[in-house]
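**Student:** Here is what each chain is made of, one letter per residue.
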Amino acid sequence: MACMNEDGQWIVLMGLLTALGLFFLALIINQSALVGQTTAEGVLEFPKNDIRDLRSEIFDVYDSYGTLHAQGRLGDVEEDIIRISLERKNAVVHFGNDTPQDVSGRDLHPVTIHYNNGVTEYDEIVYY
Amino acid sequence: MVNDSGQLYTMEGVAAGVIMLLTAYIVISTTSIYTPGDTHIPDMQLEQLGSDVLAMMDTPDREGGTSQLVGFVKNGTETCGGNDLRNEFLTNCKMRAGDEDTKLRAQVYLSYRRTDGTVNTTPLSLPDPEFTGRENAVRVTRWVQLDGILPGIPDIEHSSRPRAVLVEVLLWRA
Chain A
993 MACMNEDGQW
1003 IVLMGLLTAL
1013 GLFFLALIIN
1023 QSALVGQTTA
1033 EGVLEFPKND
1043 IRDLRSEIFD
1053 VYDSYGTLHA
1063 QGRLGDVEED
1073 IIRISLERKN
1083 AVVHFGNDTP
1093 QDVSGRDLHP
1103 VTIHYNNGVT
1113 EYDEIVYY
Chain B
3 MVNDSGQLYT
13 MEGVAAGVIM
23 LLTAYIVIST
33 TSIYTPGDTH
43 IPDMQLEQLG
53 SDVLAMMDTP
63 DREGGTSQLV
73 GFVKNGTETC
83 GGNDLRNEFL
93 TNCKMRAGDE
103 DTKLRAQVYL
113 SYRRTDGTVN
123 TTPLSLPDPE
133 FTGRENAVRV
143 TRWVQLDGIL
153 PGIPDIEHSS
163 RPRAVLVEVL
173 LWRA
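Line order of the protein sequences matches chains A and B. Its first residue numbered 993, the first sequence is counted upward by one per residue in the working numbering. Its first residue numbered 3, the second sequence is counted upward by one per residue in the working numbering.
Calculated from the structure, these hints are not laboratory results. Keep in mind that the hints are not guaranteed to be accurate.
[What the hints assert, rightly or not] Have a look at the derived ranges for each label pair, beta carbon to beta carbon:
| hint | chain 1 | residue 1 | chain 2 | residue 2 | range |
| --- | --- | --- | --- | --- | --- |
| 1 | B | 73 | A | 1092 | 29 to 37 Å |
| 2 | A | 1119 | B | 61 | 21 to 29 Å |
| 3 | B | 29 | A | 1108 | 41 to 49 Å |
| 4 | B | 44 | A | 1002 | 46 to 54 Å |
| 5 | A | 1092 | B | 117 | 26 to 34 Å |
| 6 | A | 1037 | B | 68 | 31 to 39 Å |
| 7 | A | 1036 | B | 29 | 26 to 34 Å |
| 8 | A | 1052 | B | 105 | 30 to 38 Å |
| 9 | A | 1038 | B | 61 | 22 to 30 Å |
In this text, all values refer to a predicted model and were calculated from it rather than measured experimentally. Note that beta-carbon positions come from the ideal geometry of N, C-alpha and C, so glycine has one too.
Work out the full structure, taking the sequences as your base and the hints as a guide.
**Tutor:** Structure representation (structure tokens):
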């Protein structure tokens, strides 16, 4: 830099600062377009309500297990849930129960629930 | 006015400036800015509201009773059926403090399985005249168990077997 014209250093300095400032502002604006989107998409995509609803419906089915089993209609209701889930919710659903087991002095059915909509997979064994 | 001395001060100034900018950046990035991408958030809230209302309507008033939702669905498209279900659903959605939310619209559909294995979906409420199909609608669903013959539901087979059907509600703001 020696022997060069050394006028105008303030202008160069301010130019540098402005450039840095603009760089950070651009970074902020760039980020702001994505603020919240990934979060909201993640939450919308996760089928929380579908899974909750499916669980409560399966428990409802096993609430009336005795009646349905006696009528021989358990399979019908099961197939309703499986087919409608696949058709309307794009979800592969499977559920079943096992022989009752003694859990802390109560006879409870182990109920297995499987749910997979291609993005979220959910498996559960619940004693009901 | 401009001379060669004081470069150290300049460097200090630049360093301080960078620190201030970084501080400003961190402060600004902690607050959220509403952008078009954030329209997902009202959708999310609407979906939660609809799900909660359906769950509430599907809860029987007393042990062993039938829920209000089952009562409406049983009647299908007849009186006390789909249209009343929609109106009751919307009334329940608007039952909160603040804005009256008069722009809230809903449309009720029902999906059931036929004996040949196909799944049929039928609208239970009369179509909304303003609905164009391009609304930013969310879909909330609820499983319902029905029993007996259901003459009010279009195209359902008249066998009185217990069945699980899916109530779907499209919910949007006009």
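**Student:** Is the gap between the beta carbons of residue 1052(A) and residue 105(B) within 30 to 38 Å?
**Tutor:** holds (34 Å)
**Student:** Taking the Cβ atom of residue 29(B) and the Cβ atom of residue 1108(A), is their distance within the range 41 to 49 Å?
**Tutor:** Hint holds: Cβ distance 43 Å, inside 41 to 49 Å.
**Student:** Measuring from beta carbon to beta carbon, are residue 44(B) and residue 1002(A) in 46 to 54 Å?
**Tutor:** holds (49 Å)
**Student:** Is 31 to 39 Å respected by the C-beta to C-beta distance linking residue 1037(A) and residue 68(B)?
**Tutor:** Since the Cβ atoms of residue 1037(A) and residue 68(B) sit about 34 Å apart, the hinted range of 31 to 39 Å holds.
**Student:** CB of residue 1119(A) to CB of residue 61(B), is that within 21 to 29 Å?
**Tutor:** Once the Cβ atoms are compared, 23 Å apart, the range 21 to 29 Å for residue 61(B) and residue 1119(A) holds.
**Student:** Honestly, do residue 1036(A) and residue 29(B) meet the 26 to 34 Å range at C-beta?
**Tutor:** With a Cβ separation near 29 Å, residue 1036(A) and residue 29(B) satisfy 26 to 34 Å, so the hint holds.
**Student:** That 29 to 37 Å hint for residue 73(B) and residue 1092(A) (C-beta), does it hold up?
**Tutor:** Holds - the Cβ-Cβ distance for residue 73(B) and residue 1092(A), about 33 Å, lies within 29 to 37 Å.
**Student:** Verify the CB-CB distance for residue 1092(A) and residue 117(B) against the hinted window 26 to 34 Å.
**Tutor:** For residue 1092(A) and residue 117(B) the Cβ distance comes to about 32 Å; the hint holds.
**Student:** Measuring from beta carbon to beta carbon, are residue 1038(A) and residue 61(B) in 22 to 30 Å?
**Tutor:** holds (24 Å)
No hint from the list above goes unmet by this structure.
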